[in-house]
Each structure stands twice: as structure tokens, then as C-alpha cells.
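For chain A, the structure is supplied; the task is to place chain B on it using the hints.
2 protein chains.
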Amino acid sequence: MKLAIIGVGLIGGSVALKLRAAGVVEQVFGVDANTEHLEAAARNGIIDKYGSLQHALEETDLILLAIPVDATTKLLPQVLDLVQEHQIVMDVGSTKAGIAASVKNHPNRAQYVAFHPMWGTENSGPDSATADSFAGRSAVICDATDSSSHALETAEFVAQALGMNVLHMDAASHDIHAAYISHISHITSYALANTVLEKEREEDRIFQLASSGFSSTVRLAKSHPEMWVPIFRENKENVLDVLNEHISQLRKFKSALEKENWELLEELIRSANRIRGILK
Amino acid sequence: MKLAIIGVGLIGGSVALKLRAAGVVEQVFGVDANTEHLEAAARNGIIDKYGSLQHALEETDLILLAIPVDATTKLLPQVLDLVQEHQIVMDVGSTKAGIAASVKNHPNRAQYVAFHPMWGTENSGPDSATADSFAGRSAVICDATDSSSHALETAEFVAQALGMNVLHMDAASHDIHAAYISHISHITSYALANTVLEKEREEDRIFQLASSGFSSTVRLAKSHPEMWVPIFRENKENVLDVLNEHISQLRKFKSALEKENWELLEELIRSANRIRGILK
Numbered sequence: 001m002k003l004a005i006i007g008v009g010l011i012g013g014s015v016a017l018k019l020r021a022a023g024v025v026e027q028v029f030g031v032d033a034n035t036e037h038l039e040a041a042a043r044n045g046i047i048d049k050y051g052s053l054q055h056a057l058e059e060t061d062l063i064l065l066a067i068p069v070d071a072t073t074k075l076l077p078q079v080l081d082l083v084q085e086h087q088i089v090m091d092v093g094s095t096k097a098g099i100a101a102s103v104k105n106h107p108n109r110a111q112y113v114a115f116h117p118m119w120g121t122e123n124s125g126p127d128s129a130t131a132d133s134f135a136g137r138s139a140v141i142c143d144a145t146d147s148s149s150h151a152l153e154t155a156e157f158v159a160q161a162l163g164m165n166v167l168h169m170d171a172a173s174h175d176i177h178a179a180y181i182s183h184i185s186h187i188t189s190y191a192l193a194n195t196v197l198e199k200e201r202e203e204d205r206i207f208q209l210a211s212s213g214f215s216s217t218v219r220l221a222k223s224h225p226e227m228w229v230p231i232f233r234e235n236k237e238n239v240l241d242v243l244n245e246h247i248s249q250l251r252k253f254k255s256a257l258e259k260e261n262w263e264l265l266e267e268l269i270r271s272a273n274r275i276r277g278i279l280k
Numbered sequence: 001m002k003l004a005i006i007g008v009g010l011i012g013g014s015v016a017l018k019l020r021a022a023g024v025v026e027q028v029f030g031v032d033a034n035t036e037h038l039e040a041a042a043r044n045g046i047i048d049k050y051g052s053l054q055h056a057l058e059e060t061d062l063i064l065l066a067i068p069v070d071a072t073t074k075l076l077p078q079v080l081d082l083v084q085e086h087q088i089v090m091d092v093g094s095t096k097a098g099i100a101a102s103v104k105n106h107p108n109r110a111q112y113v114a115f116h117p118m119w120g121t122e123n124s125g126p127d128s129a130t131a132d133s134f135a136g137r138s139a140v141i142c143d144a145t146d147s148s149s150h151a152l153e154t155a156e157f158v159a160q161a162l163g164m165n166v167l168h169m170d171a172a173s174h175d176i177h178a179a180y181i182s183h184i185s186h187i188t189s190y191a192l193a194n195t196v197l198e199k200e201r202e203e204d205r206i207f208q209l210a211s212s213g214f215s216s217t218v219r220l221a222k223s224h225p226e227m228w229v230p231i232f233r234e235n236k237e238n239v240l241d242v243l244n245e246h247i248s249q250l251r252k253f254k255s256a257l258e259k260e261n262w263e264l265l266e267e268l269i270r271s272a273n274r275i276r277g278i279l280k
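Listed in order, the protein sequences are those of chains A and B. Be aware that the first sequence starts at 1, since it is given in the numbering used here, and climbs by one per residue. Be aware that the second sequence starts at 1, since it is given in the numbering used here, and climbs by one per residue.
Rather than coming from a laboratory, the hints here were simulated on the basis of the structure. Take these hints with a grain of salt, some might be off.
Any copy will do: because identical chains look the same in the list, a pair fits if it lies in one copy or spans two.
Said to hold, decoys possible - Below, a list of computed lysine-lysine pairs in the DSSO-like style, where the Cα atoms sit at most 27 angstroms apart:
1) 259 with 236
2) 199 with 252
3) 280 with 252
4) 254 with 199
Only chain A is shown next, with the shape it has when bound in the complex (with noise of 0.2 angstroms):
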């Protein structure tokens, strides 16, 4: 199998690198806004050749959009306008509602398969791509009904190289979990960064005195806003959900520290502590 990248960057690179490896496909096209960027995932080993939009189309079998999903929104009505009737179309997009609309009702639907490999970083750029970074972890098919036979296969089979465990969602679902579980987690470490930021004013402090538990916590805070500020934008309603819930269980922290009610702070660390019986 052939397969194009459009977006060389952390996902891209890393499902190519992944798909190579395990023999599932011959040939790397990279497609990049970022000139850099396709010169270091050529040098890395994750693209064969790289070109326009229009070249990849006449090269390849399979087409991944790995991009931020505004750009999704708009680039895949464009390549589902130029496939070619064996080709398939997938994306990464950690937002599905949006991108699913934009093509609904296009002729070549179903060629294409709404995609979300649940793993991710706060590195960007080919050079934090990895490939065995997906094993173990869960992959969302979204509306698959949509989708041909031929094109679920496919992404059944690429899902299966990676590593992951395939789960069904409709597209709308699927947001409403990513916000509980994904996004909400990202605005809560880039504002738990701006808090220390704003009260610890000797720099070096923070430096000094992380520990490993504050680092976890803040480590999505290095997340650009590239990627996350559109994530925010296309799943708005289920974020704002999600953080007016998180406002109101800070808020219950800080009523009992100031009431120095010490049963409900522990009943609400309790309460937290069943996460330990979820995530191992």
C-alpha cells in the first residue's frame, strides 16, 4: 500500500513510521505546508518523497489527514473531490462533529473512514514522531455506517498495524467523550500553568522545586495552541459542559478548606480516589 501523509508532524509522522514498520506500506508521501518539516521527516526516515496535494493523489492508496481539524474541515471536501475510486481517505482529528458535516453529503463519502487514534503528546513536529507510540491504546471509528466496506477494512487493518483496539461512536458521541476525557484535561493543565506562572515569581523556584507529580499535571500545558485552540472551537458546547462541571468541583474544595470542613475534603478526595480502580 501507498500511503499519503497530508501533515508530517507528531500523529502523521508517527502512524507512518509505525505503518512502515510493520510492512503494511511501501511508500511514505509527505505533504507539508512546512518545508522544514518535510525536509526532517524525509531525513527521519518517515517519507519516502514529498509534494503538492495533487501529486500524492496520483501516487497513493491510502490518504491521512493529519492536520488541526479546522484545516481538516476545510481540506477534506477538497481530496474527496480528486479521489480516485480505489483510493481512501482518513483523518486523525481528536474532533469529529465538524469534520463529519463538512462531508455528509458528498458524492465520494464513502471512501473516507472519521478516524481518532487516542494518544498524543504536547511535542509537535516530526521529530517527536515515534512508532510505537499507539500500542494498547484505543482508536474510535466514528459514523461507520458512512463508510464503504472497502474503507472500514482498511481502517480496521491500518488500526490493527498500530496496535489499537477499534471502537465504535458516532460522531457526536464521540465529542461529548473527548470533552470529558480528553479536552478538559488540556484546560485544566494550561490552567494550572498560568496559575504557578502568575502566583510563583521566582521562575527558579518552579524549576526547583517540581516534583515529578506537578510536572505530570502540567505536562499538556506545552500543548500548542495550533492544534488545541481549534479543537476548542469545533467542540465548544461539550468543553464549556465539561469545565462549568470542573469549576464546581474546585469550588467544593475550596468551601471546605474555607468552612475547614475536613470530612467533606476528604469525602471529595475519596470520591476522586475511585480513578485509582479505572486507571490502574
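For chain B alone, coordinates are given in the frame of chain A:
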């Protein structure tokens, strides 16, 4: 040197393992209200023997209190009542002002060093102890002028054997910095866990969809209330101060989303990204 560990949990156990591995102590005496912990610690080679506090004080040179901060505040004056002239006492508590106040005018105050090694995990108990956890992290010594030079030399020798970098602060400053950099991240993590458990009623989905990012952000929410309620209680004012700032930072994200002010959202994220320059 003969070491007594009062509280053979994660921290006490890890200190004992490392000091023994470094050849600094030749015998470790364990004291703990929990007999199962003592037996586990003996099995794991953390302690050689165990018994009462009185017994420990007859046989050892260095007494390390590694129990919750409220228990330290109660026990430390009693330990200082009993120490012989050559003995040194240290604690590892995450708050320092209350503990320092509890022995401020004690006749043996100079034999005590207020010590805070900046490491921990969400786990507890001697089975979680590991020898090489502390290396490269900071250890804070508070109110050094209240300790004798012999006591300080012992504490610095211990820090060196643990591979830690020593910082000096007064107890009040320590508690402010600890609230900013360590205590608040526990509250945000607990509140995030409660948020997700409240919104995501399909618990299977949390397990299935949890990316490494979510797991990392919510990891501290597994930490036990036995340790953390006393910390928040001791450091109430500083924690409330930073918690208020944190809620106000989250409200900025909320406002940016509600008003669809994507420039502000990007600005908030770019501000948070500055943490990358501090924590590589």
C-alpha cells in the same frame, strides 16, 4: 550510622533503601502503627528490625519522621523530649510552618532539622518504596539557623547520599512555594477526577479513551486523604490563595469560549506554554 524510620511508607521506605544502598546506614529500625507495613518493610529489606519508638530511640543515631504532617506536629516534640545528646531528628513533611512552631521553644530544637525531599508518587506504603527516586531533585532545609551545625551536617550528608540538591528557606516561605508548586496540582487533579467521574457515567469509556495525557493529568488524584487532608489543613491559607487564582484562571478560559474570543484563548494557551521554558 543507625537509622530509625518512624512511618515505613513510601517516603520513609525509599529513604531507608537508598541510605542503605549508599552504605550510609548499617542498620534500620522501623516504627509504625501498621504491623502489616512493618512486616512488608522487613520482607523487602527496608528495615532490619522493628519495635516501639522508645526502643528505636535507644538504638539509633538518626531518627526520621515520615508520617502525615499532623502526626509529625504531635510526635516531634515527644521525640525531642526523649533524644540523647548525639541523636539527630529529621522529618520529611510537605508543610513546615506548623511543624516548626510545634518545637520552636523546645530545649532540644537544635537537634532537629526540618527537611522536605521534593519527591513523591500517588502510591503509598512500603511496597511502593524505591531506592533511586530522589536523585537530581531538590531537598529543602527550613530554618537552618535553628539547627546545630552537627544536625545540619547530618541532614546535608543524608541529602547528598540521596543524590538531592539542597535548598534553604524559612518555613513560612517553604509553605508558600509548596502551595504554589505542589499542593495546588493535587487539588486540580482531584477535582479533574471528580469532574470526569461526574460527567462520564460510562466508566468503561474512561478506561477505553484515557490517553497518556489524561492519565498523566489525573495521576495525583490517586493520592490518599490520610496524607493530603493534613497538608491542606496545615497550609490552608496559602492553598486557598492559589486555589482562588486557579479558579480565576479557569474562568478566563470559560469566558474566551463563551464569547468565542479565539484570540484570547490562543493568548491564554501561549501564556501557559511558557512552562516549557521552565520544565524541559
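### Query
So which hints don't hold here, by number, going up?
none
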